[in-house]
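2 protein chains.
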Amino acid sequence: MSLLEKAMARVSARVDRALDRFLLREGIAPSVIHKAMRYSVFAGGKRLRPFLCVGAAELCGGRAERVIPTACALEVLHTYSLVHDDLPSMDDDDLRRGRPTSHKVFGEGMAILAGDALLTFAFELMARNARVKGVKPAWALAAVETVAREAGTLGMVGGQAADLEAEDAEFDARAREGMLHFIHSRKTGALIRASLRAGALLSGASAKKVKALDAYGEKIGMAFQIADDILDIIGDKALLGKRGSDRDNGKLTFPAVYGLEESQDRAREAVAGAKKALRLFGRRARQFEELADFIIERRK
Amino acid sequence: MSLLEKAMARVSARVDRALDRFLLREGIAPSVIHKAMRYSVFAGGKRLRPFLCVGAAELCGGRAERVIPTACALEVLHTYSLVHDDLPSMDDDDLRRGRPTSHKVFGEGMAILAGDALLTFAFELMARNARVKGVKPAWALAAVETVAREAGTLGMVGGQAADLEAEDAEFDARAREGMLHFIHSRKTGALIRASLRAGALLSGASAKKVKALDAYGEKIGMAFQIADDILDIIGDKALLGKRGSDRDNGKLTFPAVYGLEESQDRAREAVAGAKKALRLFGRRARQFEELADFIIERRK
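Chains as they are written, first to last, in this note's numbering: chain A, 1 to 300; chain B, 1 to 300.
These are computed hints drawn from the structure, not numbers from a lab. The beta carbon of each residue, even a glycine, is placed where N, CA and C say it ideally should be. Check each hint, because a few of them may be wrong.
To be verified - Beyond 12 angstroms from chain A on every Cβ pair, some chain B residues (computed):
id, residue
1, 5
2, 17
3, 85
4, 106
5, 116
6, 262
7, 286
8, 289
Stated by the list, open to error - Straight-line C-alpha distance at most 27 angstroms; calculated BS3-like pairs for lysine-lysine:
id, chain 1, residue 1, chain 2, residue 2
9, B, 208, A, 251
10, A, 136, B, 208
11, B, 275, B, 211
12, A, 133, B, 251
13, B, 35, A, 251
14, B, 251, A, 35
15, B, 104, A, 136
16, A, 133, B, 136
17, A, 136, A, 208
18, A, 104, B, 104
19, A, 35, A, 211
20, B, 6, A, 104
21, A, 136, B, 136
To be verified - Footprint (simulated), chain B over chain A, 3 or more residues, beta carbon under 8 angstroms:
id, region
22, 29 to 40
23, 255 to 265
24, 277 to 286
Make the full structure from the sequences, and use the hints.
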């Protein structure tokens, strides 16, 4: 394991313990919804968004423990988006990370409610972050606002809505390219940017640092999505734990628009841009630099 | 029009103007989701929750303009819950207030996303409420936290989850009664309580006043739900603008558990209890007293 992977595993373990503490237990009524929430939250995610939130806080002079509730909230938000994206009326996926998707286990209605509950709970957690010592209420509020905006129609939900619309539409080559960037900068990029910004805001970071992290987030978000699209084609299906359904549905992907080789070039360019955005932070940003490389080198 | 109805119409008009300002326009991409959000928000709702929020603020010495973003957020939250409740995998309703439901107009996937977007936007609005002059960040955060909790699995979503579970279950008479109260105190009551509490918290109200408003909310929530169940049976379907689907689905309702007469008695008792809870506020609470009466006298 590289130093980066060790650091990621540390944050992941810490966030998992906190999530286990924060999420209500199955014993509490209505039992089934708490079970469904835990089923999807503890499904072996990489906890990338919490890692970005904690890392951004530390880069801005804050401490990990100050942002743990928000780091958890970001993972909970990400989980809600996966539960709803997998629904029959959306991407219609039966498997996610090698396990049956929420609606396959709990039924469609309960999966919708579990997603709603996760989304709602994320904001409760972010509000509760203000109780952590050293966090000013105004910082916590700024984090709530930025996360809500990036998760909303100008961000994540908007990306999914555009994706859904694009399925039935015909585009010329130029429109396809525009739509691809519109969708992915929102669907994946927005929450990645929000994770970095929330960590920074909760540490009272300067506008200059927030801006640098925004630029970093923009670039790694792009690299992450391209890498995901490529993995969907060439990756080992068993490692990914899902079928290659994006391709099957004829969705807009980077390889579909640019071809495999140019997609790989674009991912490498994005990683270089991401590292450049970190200059302001000097050597302290080494872990985030390594993360940018890791994003396009990962196998799942 | 009674004085109460005039006051409700005033708040409703004000909230509608604010909602029109806050909600993004159809011209902004992705157009369809903004259209879907507006379609359901501007569907002729009574704006009861904003009225409760504004009224609670005024009762606690605050001013209406201080809580308008949160009052709007509560209506937006209520709207999301209706959009998702109407889905085929939930209550499967084709009509709401006399118009086709969101999924009938925009498709199921888009209706789910519109609900998600409304829920997310509600929290953005609540965070933005802190920018209003005179509102302390800590007050706005307390409002976010209480609304998130009451909208979550211990509140509104939990009520809907229990409702969904109850559909397929067999109960004895005692369990039916327990389940009826469990569901309705959460499904309807929770957001009513949250509306009152948010208005009070945003006005820096004392714990004593918040508690009194909680008790009031508990009682009018109960009265409201009983009245709704009764209207579903005896109300004019054209006035209600929906089919009597609750009864058709064999759902747990007050008349189904207690019979019509005892249900009416219980609604009157709840109204009396609600008025009692307001004593602390003296004559200033007259409008909220009238509202309690109005809730069981309304025809739609």
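Okay, the hints, checked on the actual structure:
1. The beta carbon of residue 5(B) is kept farther than 12 angstroms from every beta carbon of chain A, the shortest such distance being approximately 32 angstroms.
2. Consistency note on residue 17(B): stated as away from chain A, and its beta-carbon is indeed over 12 angstroms from all of that chain's, at 21 angstroms minimum.
3. At roughly 10 angstroms, the least C-beta separation between residue 85(B) and chain A is not larger than 12 angstroms, which violates its mark as non-interface.
4. Here residue 106(B) does not stay apart from chain A, with its beta-carbon only about 10 angstroms from theirs, under the 12 angstroms limit.
5. At the 12 angstroms boundary, the C-beta of residue 116(B) falls inside the reach of chain A, the nearest C-beta of that chain being 5 angstroms off.
6. With a closest Cβ-Cβ approach of about 26 angstroms to chain A, residue 262(B) is found to remain outside the 12 angstroms limit, as its non-interface label requires.
7. Listed as outside the interface, residue 286(B) is consistent with that label: its C-beta sits roughly 33 angstroms from the nearest C-beta of chain A, beyond the 12 angstroms cut-off.
8. Once the 12 angstroms rule is applied to beta carbons, residue 289(B) is consistent with being away from chain A; the minimum gap is 32 angstroms.
9. For the suggested pair residue 208(B) and residue 251(A), the alpha carbons sit about 56 angstroms apart, so the restraint of at most 27 angstroms is broken.
10. With a C-alpha separation of about 26 angstroms, the suggested pair residue 136(A) and residue 208(B) falls inside the 27 angstroms cut-off, and the hint holds.
11. Between residue 275(B) and residue 211(B), the direct Cα distance comes to roughly 14 angstroms. Compliance with the 27 angstroms bound is thereby established for this hinted pair.
12. Using a Cα cut-off of 27 angstroms, the hinted pair residue 133(A) and residue 251(B) is violated, with the two alpha carbons roughly 47 angstroms apart.
13. For the hint linking residue 35(B) to residue 251(A), the alpha-carbon distance of about 24 angstroms falls within 27 angstroms, and the restraint holds.
14. Restraint check: the Cα-Cα separation between residue 251(B) and residue 35(A) comes to about 24 angstroms, which is no more than 27 angstroms; the hinted pair holds.
15. For the hint pairing residue 104(B) with residue 136(A), the CA-to-CA distance comes to about 45 angstroms; that exceeds 27 angstroms, so the pair is violated.
16. Only pairs whose Cα atoms come within 27 angstroms are accepted, and residue 133(A) paired with residue 136(B) is accepted, the gap being roughly 18 angstroms.
17. For the given pair, residue 136(A) sits about 20 angstroms from residue 208(A) by alpha-carbon distance, which is consistent with the 27 angstroms threshold.
18. For a cut-off of 27 angstroms, the pair hint linking residue 104(A) to residue 104(B) stands: about 24 angstroms separates their Cα positions.
19. In summary, the hint linking residue 35(A) to residue 211(A) is not supported, as the alpha carbons are separated by about 39 angstroms, beyond the 27 angstroms threshold.
20. Proposed proximity of residue 6(B) and residue 104(A) is contradicted: the alpha carbons are some 49 angstroms apart, above 27 angstroms.
21. Of the pairs offered as hints, the one joining residue 136(A) and residue 136(B) holds, with about 12 angstroms between alpha carbons and a cut-off of 27 angstroms not exceeded.
22. Coverage of the region 29 to 40 of chain A by chain B holds. Counting CB-CB distances below 8 angstroms, 6 residues qualify, and the rule asks for three or more.
23. Against chain B, the region 255 to 265 of chain A contributes 0 residues with a C-beta closer than 8 angstroms to a partner C-beta. That does not satisfy the three-residue criterion, and the hint is violated.
24. Counting residues of the region 277 to 286 of chain A whose CB lies closer than 8 angstroms to any CB of chain B gives 0, which falls below the minimum of 3, so the coverage claim is violated.
In this structure, the earlier hints numbered 3, 4, 5, 9, 12, 15, 19, 20, 23 and 24 are contradicted, and the remaining ones agree with it.
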